[in-house]
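Engineer: Chain by chain, the residues:
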Amino acid sequence: MKSFLLVGLATLSAAPLLAQDPTPPIDRGVRVGITYQPGTRPRLVILPGLGLDSVRAIVQRDLDYSDRFEVLALGPGDATSGTAAVNYQLYRTLGAEYGVELRAGATGVLVRLHDIGSGTVRQEQPFAIPALSAPDFRMAVHQVSDEIVRWVTGTPGVAATRLLVLLDKRAYRVDSDGAAVTAVTPSAETVLSPTWAPDGRSIAYTRFLDGAGPIIIQDLATGRTQRVAGTESQLNFTPAFAPDGRTLAFARTDQDGGTDIYAVNVADQCCLRRLTVGRFADNLSPSYAPDGRRIAFVSSRPGTPQIYAMSSDGTDQELLAPYDYGATGPSNAPEWSPDGASVAFHRDIDRAPQVFILEVGSRRFKQLTSSGRNSDPTWAPDGRHLAFVSDRSGRGQVWIIDTETGRIRQLMLPGAVRLPHWSRRLGATGP
Amino acid sequence: MTSRSLMVFALLAAAACGGKKPVEAPAPAPAPAPAPIDSSAIQARMRQDSINAAEARARAAAEAAARAAAQLQAQLTAELTSMIHFEFNKSDILAGDQASLDRKAAILKANPALRIQIAGNCDNRGSVEYNLALGNRRAAAAQRYLINQGVAASQITIVSYGEERPVNPADNEAAWAENRNDQFMPTAGGNNLMAPK
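So the protein lines, in turn, are chains A and B. One point on numbering: in this note's numbering, the residue at position 363 of the first sequence is 363, and numbering is uninterrupted. Here this note's numbering = 1-based position in the second sequence + 1000.
Treat the hints with care, as some may be off.
Dumping the calculated SDA-like pairs for lysine to any residue here, alpha-carbon to alpha-carbon at most 20 Å [unchecked claim]:
hint, chain 1, residue 1, chain 2, residue 2
1, B, Lys1090, A, Ile349
2, B, Lys1090, A, Arg301
3, A, Lys169, B, Arg1165
4, B, Lys1090, A, Ala327
5, B, Lys1090, A, Ala281
6, A, Lys169, A, Gln397
7, B, Lys1090, A, Asp254
8, A, Lys169, B, Val1167
9, B, Lys1090, A, Thr328
10, A, Lys169, B, Pro1166
11, B, Lys1109, B, Thr1157
12, B, Lys1090, A, Gly329
13, B, Lys1090, A, Arg279
14, B, Lys1090, A, Ala352
15, A, Lys169, B, Asp1171
16, A, Lys169, B, Pro1169
17, A, Lys169, B, Glu1164
18, B, Lys1090, A, Thr304
19, B, Lys1090, A, Gln255
20, B, Lys1090, A, Gly326
21, A, Lys169, B, Asn1168
22, B, Lys1090, A, Gly303
23, B, Lys1090, A, Asp256
24, A, Lys169, B, Asn1124
25, B, Lys1090, A, Phe280
26, B, Lys1090, A, Tyr325
27, A, Lys169, B, Arg1125
28, B, Lys1090, A, Asp350
29, B, Lys1090, A, Arg351
30, A, Lys169, B, Ala1170
Cβ-to-Cβ under 7 Å is the rule here; a few derived chain A residues that face chain B [claimed, not checked]:
hint, residue
31, Gly211
32, Leu235
33, Thr238
34, Thr253
35, Thr259
36, Leu284
37, Pro305
38, Arg418
Hint data in this document are derived by calculation from the structure and do not stem from the laboratory. Glycine residues also receive a C-beta, built at the ideal position from the N, C-alpha and C atoms.
Generate coordinates for the entire structure from the input sequences, incorporating the hints supplied.
Structural biologist: So, in structure tokens, the structure goes:
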């Protein structure tokens, strides 16, 4: 038997970073699944086979980045004939619990999930995959990966997602694995606060002009843009879609120096209404809860910016993240988690922002980062991974942390990055 | 040759030379027969010379006045557009900037057609998006101060650039201090400013 393991290179390289971010895993309760234990990472092996090298490489990386598995990488000597029976005994010896078999089909790939322990096929499904050169190829493969994660854990993975970021003055989108960095706004424009619509087909952002900043909604497939009604004058920023995609909340400056949150029906371009009346405080950075009923936001009413919440009609405003008056640093950039249980934000500790997660029910929070400046957290759709901007490697880059294991990776982007926003799960035919 | 013809010759020579470097004289020619004297041409030339001199004096005076006016404009514009600065995360007008704002108020009051835009700016240490609100507060703080000094509210608009337009792109205390500012830009009526009385 000639085999060797490249066990969890990523795990080894992540170890020093874990030491910098000694965060205990957050218990999120029991997940659906027969043998999957939350908080543990079962070993999974991508079974060798003929062809499909690109698909295999992407799936393997996706499953590694899912942080749900310890992905075993097989050496070249392990390649066996595509028709050979799966050598369960071998993979048991390697400690693998799951085997993923990828087999070329007429229009895509046949995926089998093997339960190595019992030596059986647990799930099997054909997936249509476009040609390698097709623009949808990577997204289609990411969807396969996400489905494999769902078979094991009951929750789909987040490989088939993208992030919006600012690089210099333009908005870019980038796949969750760092591939396909693509400018989405014109080079001549300065934009701010890019945000996804819930369906992933369009985005909203501030077009930053001399003396004004309208909010623009842009269709990603056609490039068509539309100025949001009511944002023609003044500076309008931090747009956030309601979960139904029909309402957009945003902050707007006024000529008296204040900033307040408004909401507008973008489906019908009507019905602008004001949600906060700041007078001597600023209100900004709205983020809807997944049920659309509550909005987390920043208010400077206590003197420094802190995290508040209100009903989506502006009533029932309350402090959300506790703070010590006069002692706690500014707190900003709240984003409600997809499961509604938490709000991520950043708070200055010794004048350097750090990422926190607040549990809405208990009002307790955890500090996720402590090394360098870490800001502007944004949730993956699994409510488990968070992306944020960190300067720990020098200039600002997006880092992705698995809040359950503390494992962390960097999205390599060509320049200083600001204001990331993570999409919901995207269809393969999406932009 | 009479003394009169000598004088005419001298005048003609002076006019011909025009005060420039003497040109090399041609080889002496046989003495010409004295030309008839045209006194009206001489008088016209003298009149023209005196007009030229007066015009030059007037021109010099006008240029000096224009220089002084341009200097005053430059000074007024500099006083109007000089920046004021802020403490970290604050939008309070500093005592040291009050004289600068008082002077701006005087200029604005002396020039009712003058319109300015105040742009509030922040250093890059705060939150990107909160800095947009903070910049607006800073611009409004100066606006409020000027209005309290009697400036018409219609003369001022405010805008925030947050941390997007740093004066100094460096990342150190000195740069941050420079970048926490209000900038004042004439948007109309800024070309022929009257000095405050």
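Engineer: Name the hints, by number, that the structure is in violation of.
Structural biologist: none
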